[in-house]
Amino acid sequence: MSESPIRVIEEKCVGCGLCVKACPFDAVEMADKVARIDLTRCTLCGACVEACKFDAIECKKTTAPAADLTAYRDVWVFAEQSDGRIASVTYELLGEGRKLADELGMKLCGVLLGAGIGDRAGELTARGADRIYVVDRPELAHFQDEAYAAVLIDLVRRHKPNILLCGATAIGRSLVSRVAVTVRAGLTADCTGLAIEAETGHLLQTRPAFGGNIMATIVCPANRPQMATVRHKVMKEAPANPDRKGEVVLEEVAAELLKGRTKRLNYVPEVDTVVNIAEADLIVSGGRGMQKPENFAILHELAEVLGGGVGASRAAVDANWIPYSHQVGQTGKTVCPKLYIACGISGQIQHLAGMSSSDVIVAINKDPDAPIFKVATYGIVGDLFQVVPLLTQAFRKLLKK
Amino acid sequence: MFGPRLFGLVKLGAGGIGSGLSVRREREKRMHFVVCIKQVPETTDVRINPETNTLIREGVAAIVNPFDTYAIEEALRLRERLGGKVTALSMGPPQAEAALREAISMGVDEGVLVSDRAFAGSDTWATSYTLAMAVRRMGEFDLILCGKQASDGDTAQVGPGIAAHLDLPQITYVRKIEEIDAHRIVAERLLEDGYEAIESPLPCVLTVVKEINEPRLPSLKGKLAARKATIPTWKAEDIRAEPDRIGLEGSPTKVVRIFTPPPREGGEVFRGEPGETVPQLVEKIQGIVLGSGG
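Protein chains in written order, with our numbering: chain A, 1 to 401; chain B, 402 to 695.
Only chain A is shown next, with the shape it has when bound in the complex (with noise of 0.2 Å):
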C-alpha cells in the first residue's frame, strides 16, 4: 500500500541534475551523487522521468485496464441557462466544441435543462451544434444541484459522450463536480486551453495554477467523459448563423430524477453591480490609491462612458468601500476582458492572479515601480484623481456621449 509511485534506480542514476532542472516543483535534490525526490513535494508529474536521459527514474503510471472508450462518442456542451437566457459562456464553449468535434469526426451536441425552454434549442444549433438534448420539466425551472446533476448522470450514462464541457462558473463548478464523480469521469477545472492529442484522441486540457503561476496540461486517458469547465472570457464565441438548423431531441426523465432535497427559496440580483465583470469587455478597477469609498465616483463614471465595469482590489474591498462582487483576483473575481484599466492599483501577485489575463492593461499610479507596471501593456505615471477625470473626458467626447 504504502510504496512509493516514484523512485530513483540508484544503480542507472549518474547524478548529472537534469531532473533537478527539470522539476517544477523543485521537489528533486541531489545528495551524494544521486538524486532524491520529496515525496512531500512530488505531484508525479513525471517531468523528471522524461528529462533523464539515463532511464534512472521511474514513475508509477496507472496500469488501467484498457475500457473500451470507442463507445464513448461526441461533444457535449452543457448550455447554462438562467430564466431562458442562454449563459454567453456556452456560445464560446460551442464555438471551441465545435473544432474539437470536428477534429474528432463527431458530432457536436448542446444540452439544455429548463423549463419552457425547448424553443432555445435553436441558438444553440445556430451556434455550431448539431444536436441538442432538451429536458423541459417545471422542476428544473431553476439551477438545482441534485436535480441538474442527476439529469445531466442519466443523460451521460445512456448517450455516452465523448467529452463534456462546462462554463467555469458558480453554477457549472457545483454541476459537474457532483456529476463527474458519481459517473467516475475525470475532471479539470477551469480550462485556458483545450486540444486533441493527435496519436490518441486525447482531450489535452490546459489550466493555471498557483494563481497563474504555473500552467499544467491535464489528460484522461482511461476515463470517459472526458470532463472539463472552461474559463470564462478565454475562448471565442461561435458566431449565430439562423440558417442553420440541427436535431433537437426532447429527453424523457424519471420523475425520482428531479427530485433535489435543496430549495430555492429567493434569488436576489446584485442590483449594486450595473455591470456583472465577469462578463465586461471593458473594466475600470480601483486600488488602495483610491483612498475613500466616495471616490469610486470617478471610476464609475469612466466605466459607464465606456460601457464597462467597475473592478476593485482586495485593499479597496477589505476597507469597505465597494462591495466584494467588485473584487478582482484570487479571492475574488478572475476577469478577462479587451480592456483592463487599473487606477491606484499596486498590483500584488494575487490581484495579477485574477486580471493578468487581460487582452490590454492599463496602469494608472502615482508610483512608477508599482508592480502593476510590470503587467501592464500601456501606463500613466500620475495621479489618478486627474488622470481618470480626463480619460472620462476624452472619451465621452470620442464617443459623443
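Derived by calculation from the structure, the hints in this document are not laboratory data. It cannot be assumed that every hint is accurate.
[What the hints assert, rightly or not] Taking lysine to any residue and the SDA-like style, the derived pairs with C-alpha atoms no more than 20 Å apart in a straight line are:
hint	chain 1	residue 1	chain 2	residue 2
1	B	LYS685	A	VAL360
2	B	LYS577	A	TYR267
3	A	LYS338	B	LYS685
4	B	LYS685	A	PRO389
5	A	LYS333	B	GLU669
6	A	LYS397	B	PRO680
7	A	LYS338	B	VAL670
8	A	LYS338	B	GLU669
9	A	LYS397	B	GLY676
10	A	LYS263	B	LYS577
11	A	LYS236	B	GLY692
12	B	LYS577	B	ARG478
13	A	LYS12	A	VAL34
14	A	LYS374	B	GLY668
15	A	LYS263	B	GLU666
16	A	LYS33	A	LYS60
17	A	LYS400	B	GLN687
18	B	LYS636	A	PRO5
19	B	LYS577	A	VAL360
20	A	LYS333	B	GLU612
21	B	LYS636	A	LYS263
22	A	LYS374	B	GLU666
23	A	LYS60	B	GLU643
24	B	LYS685	A	GLN393
25	A	LYS259	B	PRO604
26	A	LYS259	B	PRO602
27	A	LYS236	B	THR634
28	A	LYS107	A	ARG158
29	B	LYS577	A	ASP318
30	A	LYS397	B	LYS685
31	A	LYS263	B	ARG576
32	A	LYS400	B	GLY692
33	A	LYS397	B	ALA583
34	A	LYS397	B	ILE689
35	B	LYS685	A	ILE349
36	A	LYS263	B	ALA583
37	A	LYS338	B	GLY667
With chain A fixed as given, assemble chain B onto it according to the hints.
Chain B alone, transformed into the frame defined by chain A:
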C-alpha cells in the same frame, strides 16, 4: 485538480423563514461540524526561477488555504450558537498537521490528518473520495464546511465532490447563513449576478466564500491547546479506502506537462503632465474602446 498532488485537498416543511439568524435548540444530540482544510504554499511567496523556469518552493511558508479559514470561522460561530463540536480534517503529507494545529489555535476542538503515501498523486476525484471516507469514519456529523476552493489548485471541485461521494445535498459559494437549527439550514449562495437563498436539510455540505465572515486570530488559550493537542493520523486502511480509488491509481486525470506561462512584458509607460499623457494613452486604446461598441 492539484489537490494533494501538490500535497501542499427528505424534504422539509417550509416553516416560517424570517430574516437574520434564528436558532432553535431543540435537539439533545450534540451538533458536529466538520471543516475540511488544506495546507497550501503561501502564494505571495511563489516565485519562478528565471534560469530553470520552475517554481521556487525553498523557504516558502505553508499556510492554511485562505478560503478554508472562513470555513473554520463559520463552524466556530455555529458552535457558539448551537453548541457541539468542530473537527478539522485535512489530507496531506505529515507536515500538514501544522494546518490542523493552526485550526485548533483558532478554536477548533479536534484535528484529524489523513495521510498515506498511497494518497500521493490524488486528483479531485480521489481527494474528495478520501475526505468523504474519512468523514464517514467519524460517524455522526451534521454539517461539512469547506472553503470554496484552494488557492493553489483553484478547482472548487472537492467540496461538491465530497457531497456527491456521501450523497449529501450541497450549498456552494455560501456568503451568509440565514438560519440553522438541528435539522435544516437556509444559506445564501453567491452567483455571478446576484445571490439566492437555498434551504437544505442537514446533514449537508457547504462551501463558503470570503464574504461570509472575518476569521478570528488564534487566541493564547487556543495556541496552548494547539501545542498540546494529539492529532491522529489515519491511513488508507483506517478509512477503508479502496486502493483503486485513491492516489494516482484512483485519479482519472493525469498531469502530463507543467510549464510556466510566458511572462507578460511591461509595455509603454507615459510620464509627464496629465494633459500630455492622457491623449497619448487615448490614442493607444481608443481602437479597443470603439471596437467593443463603447
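query = Which of the listed hints are broken here?
reply = 5, 15, 16, 19, 21, 27, 33, 35
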